[in-house]
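K.L.:
Two chains, two separate frames, one set of hints: put the complex together.
Chains as they are written, first to last, in our numbering: chain A, -14 to 112; chain B, 28 to 455.
For the record, the hints were derived by calculation from the structure and aren't laboratory data. All clues given are correct.
Chain A residues, not near chain B, derived (Cβ > 10 Å throughout): (1) Gly6; (2) Arg27; (3) Lys41.
Coverage of chain B stretches by chain A, computed from C-beta distances (three or more under 8 Å per stretch; other residues unrestricted): (4) 386 to 398; (5) 402 to 412.
Calculated pairs, SDA-like style, for lysine to any residue (alpha carbon to alpha carbon, straight line, at most 25 Å): (6) A:Lys91 - B:Gln409; (7) A:Lys0 - B:Asp384; (8) A:Lys0 - B:Val438; (9) B:Lys230 - B:Asp370; (10) A:Lys0 - B:Gly416; (11) B:Lys356 - B:Asp435; (12) A:Lys0 - B:Asn383; (13) A:Lys33 - A:Glu59; (14) A:Lys5 - B:Gly416; (15) A:Lys0 - B:Phe380; (16) B:Lys144 - B:Gly294.
This structure is a prediction, so every number in the text was calculated from the model and none was measured. Glycine included, each C-beta is placed from N, C-alpha and C at the ideal position.
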Amino acid sequence: MSDQLYREIILDHYKNPRNKGVLDPHDFSAEDVNPLCGDEIRIDLRVKDGKVDEVKFSGRGCAVSQASASILTEMIEGMSVDEVKALTKDDLLEEIGIPVSPARLKCALLSLKVLKSGIYGVQQDDL
Amino acid sequence: MAQSAHTTTQHSFSPLDASAIRAEFPILNQPLEGRQRLAFLDSAASSQKPTAVIQALDDYYRKYNANIHRGVYQLSETATSKYEESRHLVASFVNAATPREIVFVRNTTEAINLVAKTWGRQNITRGDLILVSYLEHHSNLVPWHMLAEVTGAVIKGIPLTSDLQIDVEAFDLLLTEEPKLVAITHVSNSIGTINDVVSLTAKAQAAGATVLVDAAQSVPHLPVDVQAIGCDFLAFSGHKMLAPMGSGALYARRKHLDAMPPFMGGGGMIKKVRIDSSTYQDGPARHEAGTPSVGDAIGLGAAVEYLTALGMDRIREHERELMAYAMAKLPEVQGLVQLGSPDLAVRSGVISFTLNDIHAHDIAAILDSSNVAVRAGHHCNQPLMDLLGITSTTRASFYVYNTPEDVDQLVDALHNVNRIFEVGAASR
Chain A
-14 MSDQLYREII
-4 LDHYKNPRNK
6 GVLDPHDFSA
16 EDVNPLCGDE
26 IRIDLRVKDG
36 KVDEVKFSGR
46 GCAVSQASAS
56 ILTEMIEGMS
66 VDEVKALTKD
76 DLLEEIGIPV
86 SPARLKCALL
96 SLKVLKSGIY
106 GVQQDDL
Chain B
28 MAQSAHTTTQ
38 HSFSPLDASA
48 IRAEFPILNQ
58 PLEGRQRLAF
68 LDSAASSQKP
78 TAVIQALDDY
88 YRKYNANIHR
98 GVYQLSETAT
108 SKYEESRHLV
118 ASFVNAATPR
128 EIVFVRNTTE
138 AINLVAKTWG
148 RQNITRGDLI
158 LVSYLEHHSN
168 LVPWHMLAEV
178 TGAVIKGIPL
188 TSDLQIDVEA
198 FDLLLTEEPK
208 LVAITHVSNS
218 IGTINDVVSL
228 TAKAQAAGAT
238 VLVDAAQSVP
248 HLPVDVQAIG
258 CDFLAFSGHK
268 MLAPMGSGAL
278 YARRKHLDAM
288 PPFMGGGGMI
298 KKVRIDSSTY
308 QDGPARHEAG
318 TPSVGDAIGL
328 GAAVEYLTAL
338 GMDRIREHER
348 ELMAYAMAKL
358 PEVQGLVQLG
368 SPDLAVRSGV
378 ISFTLNDIHA
388 HDIAAILDSS
398 NVAVRAGHHC
408 NQPLMDLLGI
418 TSTTRASFYV
428 YNTPEDVDQL
438 VDALHNVNRI
448 FEVGAASR
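Isolated chain B, as found in the complex (with noise of 0.2 Å):
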């Protein structure tokens, strides 16, 4: 297998250009028309899209487009050609032993919800254990209370430290109980804590547990080896890595992949079909039914391409930085509280934060009148939000294209909602 594209020759640790990298995203260069500029700092949500991979759907669409796999002529000969390539370069970028061990999707939630629906409805029975964590985003919970819901198996919630990563020692003394199943987030939506899959997922096994893990918000932000982390499963989502809304990955394992049953039924995953019966493809083939997605999936490929040719560890490191600045940049505004670790080695380009007792929408309302985008909400973590005791908080976050200004940015337009809401004044 081609070595993983992240330990590419990309030696040295020179910094991005993130100035000319967002000159490559067109939605981020339009005509302010009295406006500030864009600062968009919420890509946890999506991201946006470099000219490289619009440009791929745009030439997907005008120079051969055509249905896959089976047409004999030159249209459909390349858009096979292309998407199975997107496949390889999918599976490269993490490290899956073979591109057999990447099943298209249209992203992270189907993923999660294919790997319930097959492998979890064949190997999941009455009283079982899945032990999910309290960072989990509602993609990587609902679809196992749903499975929980028809076989009878329970379900436990990992618990976190104070400082919002996962608790190793509670997480230790629940494996004692030998569940069937760990779904865990590499990088949580909302506090951005990085969780040490490697380990999680070794001690999980060796309990003989099977390994989900949620990688949407970590494939696209650092380096990913499915080898290294050793896990069964793994999900992400391409709109959320510069690849357009509608393609995603699901990685398994072939000993897995081979032996469960097919997620959706009909054309395309079929070997022989009867009035009354049929038998199904081998590999990622029986878990694509139907027509895919298949100018998202090669956008997902030309994003991939771009983000090796950017470096995952440079990316990383842009990330870091601009954690710092903002980390350090944050606290002049008065009332502020971050939400997780200080260690930038456990976080990643994502910062939850509450200011005063103001309301996140408002927040995120008045920072749009200066054009600073943030997500504000219980970002799809509502057991997190219960723990924590608040019902929302303030999201920012980070990716290839942002820079201190935009930090500036922000910063400034959260000292103008402070002044809205008279902060420092006379309370109410």
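With the rest of the complex left out, here is chain A (with noise of 0.2 Å):
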């Protein structure tokens, strides 16, 4: 039930992103939007000794989407490059627990086709 989304975790992080913010330099900066509704999401990330040093989002949107970005940074904390790649939309989903209808599945998924876009872009030896 939507009500049910809205309550626990996509209001808290919603209110009190994690990771919120811009990171410079960045071992790389990916951005995407969902245009049918005009959710923005950008994630930066620094990448040392092949991990996930430090990852930042910022952008504008829906709760769903916003919300998402926050989860999805908290996740991805500390995973290897490798981990990363092989993050799957069930594994966002999960993590974020309660149902996701059809039609706001693009705005939860909107920050991963994010962070997969410029995943791929970092050379393992870019340490």
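P.N.:
Next comes the structure, spelled out in structure tokens:
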């Protein structure tokens, strides 16, 4: 039930986003927009010893898109680049924990799309 | 030509009995199963269907379904006659001079594309000016973009006033540039602004322009008279006026229709076909290639009869009263900002609003949990949204089956949205 979606984890991360901001310098910065509703997400990443050292997200949009970005950044802190590359939609949705209706899937997965688009540009020897 | 449907003997403006009307719409009376009653406030996207229309469709497929125009047996003759009767009903509904000026199409979008690809390709050349307004739905923009791309025509947008009506002074100025075509909406699908298409058409034609009116949001909700408007083309969808999806009409003044080349080619629109060439029918048949959506067109005829019996003046009055109620009640919700003019005379039954800085999708999702159906997004009005500096609004729209109870349910649900986002409590 979408009421539930808002009462718990989504609202918490929307109001108290983790890792909000930008990184300068960064190893990659990627951004994307969900044109249907105007959600925007940008993710900046710093890699050290093959692992995610620091990650920040910024953007604007619906609570679902912004909260899932916050949740995602928490998930990947300390992960190896390979682990990040292996992350699936189901992994993120499981972390959100509450069912996301088909209409909102694009919102929930925008941050993952951004992350995936950037992570493949990170060379393993770019440490 | 028979007197237009909306000036029948409905002299009394006795109000619509919306509760009784609602009972005739099966989808609004389904078992609740623990949910609240459905407050359906998205008719601007697509309307629900009364039993009468569903029955017409059912009857068609049960009793007289057959391909039309060429069959010499009873079923086909009946189907053909019902299809053409529908054309007569639709022509009367908008006061066309003759049913010959009504082309059946799938929807407004198809109607406008039809004009762009036939009349447009024939009459628009490099450097010609096409005027559209910032209120237009994408379906009355993109076909012209596509036409401009292949012809080299130029497109300019008619500016709006701060009340989101067409800026008439700016319009007059643009007319001095001698546009070939003016394509404008009668009623804005997101803001509900009613444009004075009678005056705008007269001015545009005096300046030498051909005029197309997007009537998708007007024909279902208020009396529309193409003689009074005087436009060259008028387009509307059946599914927004209680008729099945797949039905709709293009009104095209006879002088244009007879001169326009066909849109699609194939069976039904030809006179003579040789191996390497063909000649075409006259009249609307030229633009109705292939097997039409006969059942859907008959459903449109049934919808026209249903609306005519209610009376378009009464429907307009009903929506105006609901709008007055809603526009007075919505300010009770903290931080709600309504868009558009407060003058009900220029407003149809559509309200777009923002609520604090809560995203429209979040609002709509929480409203859904109270079984309130609204639409959130850009409403196929991206140029308008850009002009307003926003990405989306939440939109509620009214029709014959809506009651003040629907508005109450909407307002209660909006209070809930504020509660969930803790508006008024410590800010983020």
